[in-house]
Amino acid sequence: MKAKHEPAQRVSYYPGCSLEATARDYAESIAGVCGRLDIELVELKDWNCCGATAAHSLDHRATINLAARNLALAMEGPSPLVVPCALCFNRLASARHELMEGGSLVIEAIGRMGRDYAAVQVKELNDFLTQPAMIALAESQATQGLAGLKVVCYYGCQGQRPPKITGKADYENPQGLDRLLAALGAEVLDWPFKTDCCGASHSVARPDLVYTLVARLYERALAQGANCIVTGCQMCQANLDMYQQQIAKEMGREVYLPVFCFTELMGLAMEVPQAPKWLGRHLVSPRALLERTDLPRQVWERL
Amino acid sequence: MSHTTGGAAPETARVQAAAAPPPPPPEEVIRPSGRWLAQVEAASGVKAGACFGCKKCSNGCPLTFAMDLHPYQVVRYLQLGQMQRLEGCRTIWLCASCQTCLTRCPNQVDLPRLMDFLKETMARRGQAVEEERTLLFHQLFLKGVAKRGRVFEGELMAGYLLKTGGAFGPEALANAKLGLIMFRKGRLKLLPARIKDRAWLKELFK
Chain A
1 MKAKHEPAQR
11 VSYYPGCSLE
21 ATARDYAESI
31 AGVCGRLDIE
41 LVELKDWNCC
51 GATAAHSLDH
61 RATINLAARN
71 LALAMEGPSP
81 LVVPCALCFN
91 RLASARHELM
101 EGGSLVIEAI
111 GRMGRDYAAV
121 QVKELNDFLT
131 QPAMIALAES
141 QATQGLAGLK
151 VVCYYGCQGQ
161 RPPKITGKAD
171 YENPQGLDRL
181 LAALGAEVLD
191 WPFKTDCCGA
201 SHSVARPDLV
211 YTLVARLYER
221 ALAQGANCIV
231 TGCQMCQANL
241 DMYQQQIAKE
251 MGREVYLPVF
261 CFTELMGLAM
271 EVPQAPKWLG
281 RHLVSPRALL
291 ERTDLPRQVW
301 ERL
Chain B
1 MSHTTGGAAP
11 ETARVQAAAA
21 PPPPPPEEVI
31 RPSGRWLAQV
41 EAASGVKAGA
51 CFGCKKCSNG
61 CPLTFAMDLH
71 PYQVVRYLQL
81 GQMQRLEGCR
91 TIWLCASCQT
101 CLTRCPNQVD
111 LPRLMDFLKE
121 TMARRGQAVE
131 EERTLLFHQL
141 FLKGVAKRGR
151 VFEGELMAGY
161 LLKTGGAFGP
171 EALANAKLGL
181 IMFRKGRLKL
191 LPARIKDRAW
201 LKELFK
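So the sequence lines, in the order shown, correspond to chains A and B.
1 is the number of the first residue of the first sequence in my numbering; add one for each residue after it.
1 is the number of the first residue of the second sequence in my numbering; add one for each residue after it.
Everything labelled a hint here was simulated from the structure, so no lab data went into it.
Among the hints, erroneous ones may be present.
Distance condition first, Cα-Cα at most 25 Å in a straight line; then the derived DSS-like pairs of lysine-lysine [said to hold, decoys possible]:
id, chain 1, residue 1, chain 2, residue 2
1, B, K56, A, K45
2, B, K177, A, K45
3, A, K123, A, K45
4, B, K163, A, K45
5, A, K277, B, K177
6, B, K196, B, K147
7, B, K189, B, K163
8, A, K45, B, K196
9, A, K168, B, K56
10, A, K168, B, K47
11, B, K143, B, K163
12, A, K123, A, K164
13, B, K177, A, K249
14, B, K206, B, K196
15, A, K150, A, K45
16, B, K202, B, K147
17, A, K45, B, K189
18, B, K147, A, K277
19, B, K185, A, K277
20, A, K164, B, K56
21, B, K206, B, K147
22, A, K164, B, K202
23, B, K143, B, K206
24, B, K185, A, K164
25, B, K185, A, K249
Derived list of chain B stretches under chain A, where covered just means 3 residues or more per stretch with a C-beta under 8 Å from a C-beta of chain A [said to hold, decoys possible]:
id, stretch
26, 71–82
27, 116–127
Covered stretches of chain A, as calculated for chain B (at least 3 residues, CB under 8 Å) [stated by the list, open to error]:
id, stretch
28, 101–113
29, 279–292
Think of the CB as a built atom: it goes at the ideal place given N, C-alpha and C, for glycine as much as any other residue.
Use the sequences and the hints to build the structure in full.
In structure tokens:
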């Protein structure tokens, strides 16, 4: 009988609500890429919403408890706890910081589950997958170069700041995604807007604010000569992808900038067969861009 | 301003005029009160008294273009005990919590937390706020979380659009179109997810 496969690495995994719906492309690409890299993602059992902007805006006690429960669940599993959404990451890391400093808002039902918050290492997925050893691993698995893609890497705000919470050393000018994409053969362009806010939390109630913030990003990405944007988080991806037509109209210029999640490009480079399906969920079709690269026809022909 | 000559406005009046909303009339005297600063510091944990007005927060803030008070002014009004100005401002609702201000503040005044504290205070009082759509969206979001422990984006958007007219008004067509595209792309979930262990939610939101 064949022995059960032991993955090279096991980590705890908190997907967050949007990866079950609007960010399905991101969720599928994470599964595909981590499978290829032999990383087992152990999803927290019965995890709950982090509360997002709503909870930290209106109910501090709730935001702490929603995070505390997820952290308590993570105490049962392997370390670190990897989080693909920048906002979920920020909420979990912020609550952990406050709880370690002795925050006293935890309700009895949550406190009973576990209190060793310091033991839970919370890591953003794009940070986890761009550690030097991981980049080397991805590079060794890559069979298809990404030449022809001129990318600017967009990290957004919630994964980076504040550094005392996120633990990031290069929070003003992060490099992880830049290094990863360069290793996979893309032409990586430097730009100064890597960690500027795209306003995702305002996209429903004040889309006009989002239009202004995202227009700034497009202008600068185009000025640098980019032909696409790579994001480290699905909220930024959605925000930069979904309204591109309308924003371009307001800017009074043509904008064609496909917006990829970094894991999608990893999947393309490693020739994960499902990659075209992920890209098919984008609103700005990357077809016209990918046609001009050396990527094989089957990757883009059905987009 | 006894040194003012001719028709030129005094320097202070000009600075105040640049900052919308409507500046206080020149004859208005702000009577500083330290009561609010101490109370808010104690309740929020934000050391707003440490601000010495360098304005780094406001220079780095990506949303000042839409704000009626710059972030440093929120702190300054709090230091002066002018709570009524903070209650009626848009800024606390427009802050995107991007954490640039806190990251760069030499005194580590946690402005995003202060904005949250003021928002929560307003919402709990049930007072009218300047950005009511933002408040409504947050409230509907939390209602969903309290019910299932997870967010169900479909219900959240439907509820929001029904209450704001986006389901019927001129925006309806654009919203419906985007919804349809998202559905075709497989990015709308039709059934909500819910967590099993829900007893604690009752305790949390009671």
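List in ascending order the numbers of the hints, as given earlier, that are violated by the structure. Violated: hints 1, 2, 4, 15, 18, 22, 24 and 26.
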